[in-house]
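Novice: Single-letter residue listing:
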Amino acid sequence: MNKFSIYQHLLILFVLVLGFTYALPNLYPTQPSIQVAYTDSGKSADQMLLNELEDILKKNQVGYEELFLREGKIVIKFSTLDQQLESKTILQNKLLDKVIIALNLEPTTPDWLKNLGGKPVKLGLDLSGGVHFLLEVDIDTAQLGRLELLLDTYRKTFKEDKIQVTDSSIKDLALYFQFKDKESYNKALSKYRLDSPGINGLQYIITERPASNSLLLEYSDVALREIRDYAVGQNLTTLRNRVNELGVSEPIVQRQGSNRIVVQLPGVQDPTAAKKIIGKTANLEFRLEANSRTSPLRKEEFSFKENEYLTAFLETAVVVSGDRVTNASSGFDESGFAQVNITLDMQGGRQMQKATSGNIGRKLAVLFVEQKSKSELVTGDDGKLIIEQTTYIEKNIISLATIQAVLGTSFRITGVGSPQEASELALFLRAGALAAPMKFVEERTVGPSLGKENIELGMKSIMMGLALVVLFMTFYYRVFGIAANISLLINLVLITGIMSLLGATLTLPGIAGIVLTVGMAVDANVLIFARIREELKEKDPQTAIRDGFSRAFITIFDANVTTLIAALILYIIGTGPVKGFAITLSIGIVTSMFTAIMCTRAMVNLVYGNKNIKELKI
Amino acid sequence: MNIRFPFMKYRKIAGIVSIIIFSISVLSLTFRGLSLGLDFSGGTLVEVSYETPVELESIRNTLIENGYEDSQVVNFGTNLDVLIKVADQNGNSSIGEAVYLLLNEKGFEGELKRVEFVGPQVGAELRDQGGLGMLVALFMILMYVAFRFQYKFALGAVTALGHDVVIILGLFSLFAWDFDLTVLAALLAVIGYSLNDTIVVSDRIRENFRTQREMQPKDMIDLSLNQTLGRTVVTSFTTLLVLFALFIFGGEMIKGFSLALILGVLVGTYSSIYVVANMLMSLTLTQEDLAIPEPEGADLNELP
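Residue numbers (the working numbering), protein chains in the order written: chain A, 1 to 618; chain B, 1 to 304.
For reference, chain A alone in the conformation it holds in the complex:
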């Protein structure tokens, strides 16, 4: 009586072995290491770079433990922090801007565990320290850019097809065309209808107004989704490159929802620098080309963006800077060549007018200004060589065109190459290297000391909570209490194991969730024990144990399912740290049911099963 079958024992054993195995990697310490990647994010690290690094380290007699290639990066492990810093300095000094070197702490999980997929629990930013950014992509601007291009295209087509247009513009993200007569109207409508079918469905929503001979054209949801996906996708790529520049070992750059991007940089301590690189918008300067009368002191030489060997001298004075640009779009000139239309604000227009009025025939350059960062070797206060990350500004010419008339608030640049290039230039002017402008909508930075503090406080709470519960249970339920306590400890191991196995992230509220689980997990056992006590009044001990467990089961199940519902909803609506709470709470509920019912029962069976007991102390 009250004995588990061999299968039940095997199941418990299987779960325990699994849980313990995957919880194990958390016991191994971390090891200082560096990750080396090419600055050009399109290039993955290769054997050549590996050999080069190996050579440099050997020549400089820096000790290292292991050096290997992993996911396009080279990882070098060291036994001491000094070696890690020393080799970073030496390598950066030798290779300079060719590579980006990130300091890291590698887990020392043994190979057999790694092969089983074992890895330590990931820590959230509130525990590891670092920055979290949420950026929002401005889809309307991206859409407007497309519409402007479309407006120009249709103006051109209608002209070619002799469709008479009396008015055309963009109103509230829709193209508006007013036609002279019914014939033009009908021709234009059939033209629209012909163009509209796309790969995934209709591209346009056409509003017909036959009474006034005007047509409105908007992008359909399908087309809008394409525009959005394209803009967000492009920006993701750009952001990945920029984040790569920062030299962070495990960055996360992910799309969130329809038009947002999450950037997480663990270990980054200076949010300002990170923000500068991530949020940089390329700027522009309009400058006159230097001529023979320009004094040498007032001119500078710049290279072209697409060809660094080609250079031109420009005046140092800036005519207008990019922040005066209110709009830019690409289109076609009378002879069908691509052009970029630029609109400046009032002040910009005045400046432009002043600068161009006496300079017709001279050339006007558009200078692309970009913020970059690089590592440099400098001598520190203590005389030691240290690496310093510095940001610098790079300027390249993207267009150099002849001024043909006095320019005002609105003008155009011709001779900009293909329509594609024109559209890119317009984009640069509007958003700076991004498919659509972005803005920061959320930022959370946790300093490294706070992260450490949070881990310590969290662990202390778990320990204290656990100690209190264990003491109480032992005192209140004796032998059964000890069984419940062992189950509780197993529960903690299982939670850790499952978190590691799933690659779930542990956050401070997540730790709180574990603490809460410790308190609530004993509930199932309390229910069972209370039931056994009751059953004992009318039944013999063995029957009481059996019925106590089986009767309490349904109650435990119902009670836990509802908590699980609450936890799942929390997981869906929560972000970051709060999601971590939902995760540990959900895992804790499931594991506590297993341990409280199966494990406690197995222990009780082991102690009391198959014995003839007269009296049960509970």
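For the record, the hints were derived by calculation from the structure and aren't laboratory data. Where is the CB? At the ideal position from N, CA and C, for every residue including glycine. Some hints here could point you the wrong way.
To be verified - PhoX-like, lysine-lysine: derived pairs with alpha carbons at most 20 Å apart: (1) A:Lys59 to A:Lys77; (2) B:Lys255 to A:Lys460; (3) A:Lys452 to B:Lys85; (4) A:Lys3 to A:Lys614.
As the list claims (entries may be wrong) - Output of the computed footprint for chain B on chain A, the stretches with three or more beta carbons under 8 Å from beta carbons of chain B: (5) 457-466; (6) 471-484; (7) 527-540; (8) 557-566; (9) 571-582.
Using the hints provided, position chain B relative to the given structure of chain A.
Specialist: Same frame as chain A, now just chain B:
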């Protein structure tokens, strides 16, 4: 159980107490509102740690002089940690860094522990999502309890949950404690926890109604409550033990979270005894409601 406590004798008093506290909470929520934390209000928060205590007043003045009129400066945990909150300024995301640099410049040199910026739109979204999540949670739980038990229990359970949530929100409003995402998370956990209690009690009432057919509903509920009292007290006690550990040792960042949970466990324990039972009495739960041999299938048919 030997303890025979006539719970239902005091059900009217308990009902009145509940209604009074509930009304105060609703009034406070209506007129005072919640003091929304950064997650929901939007804005910027900077936490700086100093080696020696600094005067909050002088930091405040420095901020006001430099154009941050709408800011709060308070100590966080110890008097070495200073928390500065600046109201949103048109979604400007660089205020946090600017404030920290400004303070360093003006001689308040400290270590930057934390910067948080939540844009107004994100704040509003989190607010909507949180409220919606809470309603969805309540609804789904109602469905589950109605499916597993009977609609009278479900009404009792959801009334108890609404009672708990409103009273905790009311306390946060009354004492102007910061209501942020972690407190919302705690509130959802309270929903889960309080329900846990409610189900254990309901389960026993259902069982007794089926087995003890000769008893009056009032005595039956009293018996059930007494039978589950031991368990209710022990579980609430162990949960409170860990929550106090969390409240005392867990640090300043989850104080609000642990506080909401502590209140939730206390109110939840009370409500699973009085609110649920009171509802069942008022709805006059009868033998017929439960006297069906196949509980699940039958309960499903009984859904209104």
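Novice: Need the status of pair lysine 59 of chain A, lysine 77 of chain A: alpha-carbon distance at most 20 Å?
Specialist: Measuring from Cα to Cα gives roughly 17 Å; hence the hint holds.
Novice: Between the stretch 571-582 of chain A and chain B, are there enough contacts, at least three residues with CB-CB distance under 8 Å, for the coverage claim to hold?
Specialist: holds (count 8)
Novice: When I compare C-beta atoms, does the stretch 457-466 of chain A have three or more residues closer than 8 Å to chain B?
Specialist: holds (count 7)
Novice: Has the given pair, lysine 255 of chain B with lysine 460 of chain A, been kept, meaning a C-alpha gap of at most 20 Å?
Specialist: holds (15 Å)
Novice: Taking beta carbons only, do three or more residues of the stretch 471-484 of chain A come closer than 8 Å to chain B?
Specialist: Three-residue rule met by the stretch 471-484 of chain A, so holds; n is 3.
Novice: Hint check: lysine 452 of chain A vs lysine 85 of chain B, CA-CA at most 20 Å. Holds or violated?
Specialist: Roughly 23 Å between the alpha carbons, so the hint for lysine 452 of chain A and lysine 85 of chain B is violated.
Novice: Take the stretch 527-540 of chain A, compare each residue's beta carbon with every beta carbon of chain B, and decide whether three or more fall closer than 8 Å.
Specialist: This one holds; 4 residues, not fewer than the three required, reach chain B with a Cβ under 8 Å.
Novice: Per the coverage rule (Cβ-Cβ under 8 Å, at least three residues), is the stretch 557-566 of chain A covered by chain B?
Specialist: With 9 residues closer than 8 Å to chain B, the stretch 557-566 of chain A meets the three-residue bar; holds.
Novice: Check whether the Cα positions of lysine 3 of chain A and lysine 614 of chain A lie no farther apart than 20 Å.
Specialist: holds (18 Å)
Comparing the model with each earlier hint shows a violation of hint 3 alone; every other hint is respected.
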